[in-house]
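J.: Taking the hints into account, I'd like the entire structure generated from these sequences.
Chains as they are written, first to last, in the working numbering: chain V, 126 to 445; chain C, 38 to 381.
Keep in mind that the hints were calculated from the coordinates and are not lab data.
By construction, the Cβ of each residue, glycine as well, lies at the ideal position given by its N, Cα and C atoms.
A couple of the hints might just be wrong.
[Unchecked claim] Simulated pairs of lysine to aspartate or glutamate, EDC-like, Cα-Cα distance not exceeding 16 Å:
1) C:K158 with C:E93
2) V:K239 with C:D88
3) C:K318 with V:D358
[To be verified] If you anchor each label on the Cβ, the simulated ranges turn out as follows:
4) C:D269 with V:G247: 31 to 41 Å
5) V:R416 with C:D327: 37 to 47 Å
6) C:K297 with V:D433: 36 to 46 Å
7) V:W361 with C:L220: 52 to 62 Å
8) C:L220 with V:G247: 25 to 35 Å
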Amino acid sequence: MKELRETVKSLLTEGKVDLVIGWEKGTMPGASTPVFIDTAEKADSLIFDSTCRNNLSVYFTKDRRELAKDDKKIGVVVKGCDSRSLVLNITEKQIDREKVTIIGVPCNGVLDMKKVTGKVDGKEILEFTDDGERVTVKGREFEQTFPLDEVISDSCVTCVRRDAVEHDLFIGEAREPGSDENAYVEVEEFEKLDSGERWARMEQEYSACIRCYACRNVCPSCYCNVCFVDQNDPQWIGKSPEITDTMIFHIIRNLHVAGRCVECGACERACPMDIKLLLLNRKVAKEVRDRFGSVTGTGLENKPAMADFKEDENQDFIMG
Amino acid sequence: MIRIEKERIDEFIRTLMETRAVYAPALDGKNTMFAPVEDPAGIDHNIFNTDKSPKEIFFPHSEVLFEYEGEEIKKVERDVRPIVVWGLRGCDARSLRLLDKVFGSAWQKPGNDMFEDPYWKEKYDDAIIFGTACNEPRSTCFCNWFGSGPHDDAGMDVKVVDTEEAFILDPVSEKGKKFIGSLKGWAEATKKDLATIKAVREKAEGLMGEAFGMEGIAEKMADLFFKPVWDDIGAKCVNCGACAFICSTCHCFDVQDEGKKGKKGKRIRIWDTCMFPLFTKEASGHNPRDMSKDRLRQRFMHKFSYFISNYDEHLCTGCGRCVSVCPVNLDIRDVVRAVMTSEA
Ligand code: SF4
Ligand code: SF4
Ligand code: SF4
Ligand code: SF4
Ligand code: SF4
Chain V
126 MKELRETVKS LLTEGKVDLV IGWEKGTMPG ASTPVFIDTA EKADSLIFDS
176 TCRNNLSVYF TKDRRELAKD DKKIGVVVKG CDSRSLVLNI TEKQIDREKV
226 TIIGVPCNGV LDMKKVTGKV DGKEILEFTD DGERVTVKGR EFEQTFPLDE
276 VISDSCVTCV RRDAVEHDLF IGEAREPGSD ENAYVEVEEF EKLDSGERWA
326 RMEQEYSACI RCYACRNVCP SCYCNVCFVD QNDPQWIGKS PEITDTMIFH
376 IIRNLHVAGR CVECGACERA CPMDIKLLLL NRKVAKEVRD RFGSVTGTGL
426 ENKPAMADFK EDENQDFIMG
Chain C
38 MIRIEKERID EFIRTLMETR AVYAPALDGK NTMFAPVEDP AGIDHNIFNT
88 DKSPKEIFFP HSEVLFEYEG EEIKKVERDV RPIVVWGLRG CDARSLRLLD
138 KVFGSAWQKP GNDMFEDPYW KEKYDDAIIF GTACNEPRST CFCNWFGSGP
188 HDDAGMDVKV VDTEEAFILD PVSEKGKKFI GSLKGWAEAT KKDLATIKAV
238 REKAEGLMGE AFGMEGIAEK MADLFFKPVW DDIGAKCVNC GACAFICSTC
288 HCFDVQDEGK KGKKGKRIRI WDTCMFPLFT KEASGHNPRD MSKDRLRQRF
338 MHKFSYFISN YDEHLCTGCG RCVSVCPVNL DIRDVVRAVM TSEA
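T.: This is how it looks when you write it as structure tokens:
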């Protein structure tokens, strides 16, 4: 934490950046909140731990896209997955690489708060601490400590690139990526179901959706000027939370981020209804990896799978 | 005040179910919400503030107003039994009363010529609200900022206090008194019950954080409309609809036709929110609230300024749902503090 704050302070005082996007402590135990630091004094509020759940690359997209375009030099603090979003946005020409200073922080996974409250039978947590390996929660008349690994998001359990794949500075020592050979176990389980069972599973999951679009809005890969669900002339999709329309929304969003989703899990963590959104995202990511040999956002030299064409690439999905 | 021993609560709920549609907190999948009761044994009386707010009982996310086929308009059949809500918290009972100012008859101000909404009234007017006092408020609760508190009974017909041994039912409104008066076969609350109620109430009130002074917020917000404080507040908002859809007092809607245009279909009204860009987009393509911060400002202006001008109350009851669900932890209490401490 200290090193992160000092690094940001010197970037600001030396004029290397005008603004740094990071996280500070939030208002609830186990919560952090995004913060925009424009003076060295403010840098003392910066934190990085398992509560830093948001993918801050989202602040270069949508209404904030001017951040990436104007003359300001921006620093951004990133976990492994967040850095992949930046890389994707750079390769898609949404962000100018020269304008951003990427500050990597060592990630051990971020919390899934539902898992944390599950550990204490839903009792209210009033205090939360994280030492990087274990988390301790306290409430009225209880205190419990458990390994961080048991309460991190599903996206972090399977993550093999916990440290920034692209960075200008790194706080500590960046680890090499692991192998993703066995990274899709839950997807493989899902694939074993027949189509009826798969559909039932998805319907069950998505029927709770309230169409708030938090999943879309926190996603750095979802940045169309006007999203298809926000169009009404023509209107592509019904607006009620009825299952058919809800499924259309999710399936289309899924396909729109095919080869562009970095599996950060920000969407899933943002969902107020706790819908497991990553399953379909990761199913598509696995297809992209297996068919095109492409893992999204892992190198500035790689074009996103859907924006690239190689003569010898796998085309059996077209040929039948 | 009547006393219902814990062992007999199912029996009590069953008597309600004889003539009424009863709604109570339930777990549906991973989330808690108010659902029609089929079996009283299935009610979890310990569910605190539900994840989804009870507004949807009276103002469903998607409601069919009528159906049409060619020229013919068909009324939709609905369950006409009067509604009973069991297990509603104080904040939510007050939320319904606020919504009744908008949709129903609770707002009778001289010169008020506002419309009454038949779809709301047909459900809410006959409803009996059993509100459960909160013995253990959470850290996200801030009902006391609005002059309320965990044992407040405003907006309830009958206040229910859980004393561990029994539920004590205290009729509050005329409707509640009439209803409780018509019941037979239940014991009166004892002196001991009253003492327990007093004790749990004091304990609950002691658990609340300090109330923040809200005086003058409406004028203050109006003065700050064009000020940069909104840039600071709005910077991290990702402009989703989570806070509004989960909120017990947000009540904007859109009206749409579903089906074949002009042939056969239904007219529905569906929740909408000022957070969505389409909300204010005009036919010309111009959007007066084009940027995310304009939309965020609207949500808070409505809650703490416009609603006060129109209905003399804040459009927030401090239930804390938005605090828990906001994906970037933009805490409404911080918004209020930021507004109240900034210079106009
Ligand atoms: S779809 Fe979800 S997991 Fe994929 S990049 Fe977007 S927020 Fe991350
Ligand atoms: S965040 Fe969850 S509830 Fe909201 S639209 Fe996405 S899946 Fe649905
Ligand atoms: S805000 Fe007040 S009334 Fe609502 S649940 Fe919390 S303590 Fe109870
Ligand atoms: S604004 Fe937040 S705290 Fe207020 S009523 Fe709505 S959800 Fe509850
Ligand atoms: S305040 Fe939070 S929940 Fe509400 S729109 Fe902004 S990001 Fe979404």
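J.: Hint by hint, note whether the structure agrees.
T.: To see whether the hints hold, each was checked on the structure:
1. For the suggested pair K158 (chain C) and E93 (chain C), the alpha carbons sit about 14 Å apart, so the restraint of at most 16 Å is met.
2. Annotation: proposed proximity of K239 (chain V) to D88 (chain C) holds, straight-line Cα distance about 13 Å (limit 16 Å).
3. Pair hint K318 (chain C) plus D358 (chain V) holds up; C-alpha atoms about 12 Å apart against a cutoff of 16 Å.
4. Restraint check, D269 (chain C) to G247 (chain V): a C-beta distance of roughly 35 Å satisfies the suggested window 31 to 41 Å.
5. The hinted range of 37 to 47 Å is satisfied by R416 (chain V) and D327 (chain C), whose Cβ atoms lie roughly 40 Å apart.
6. Look at K297 (chain C) against D433 (chain V): about 42 Å separates their beta carbons, and that is inside 36 to 46 Å.
7. Checked against the hint of 52 to 62 Å, the pair W361 (chain V) and L220 (chain C) passes, with Cβ atoms roughly 53 Å apart.
8. At about 33 Å, the beta-carbon gap between L220 (chain C) and G247 (chain V) stays in the expected band of 25 to 35 Å.
Comparing the model with each numbered hint stated earlier shows that all of them hold.
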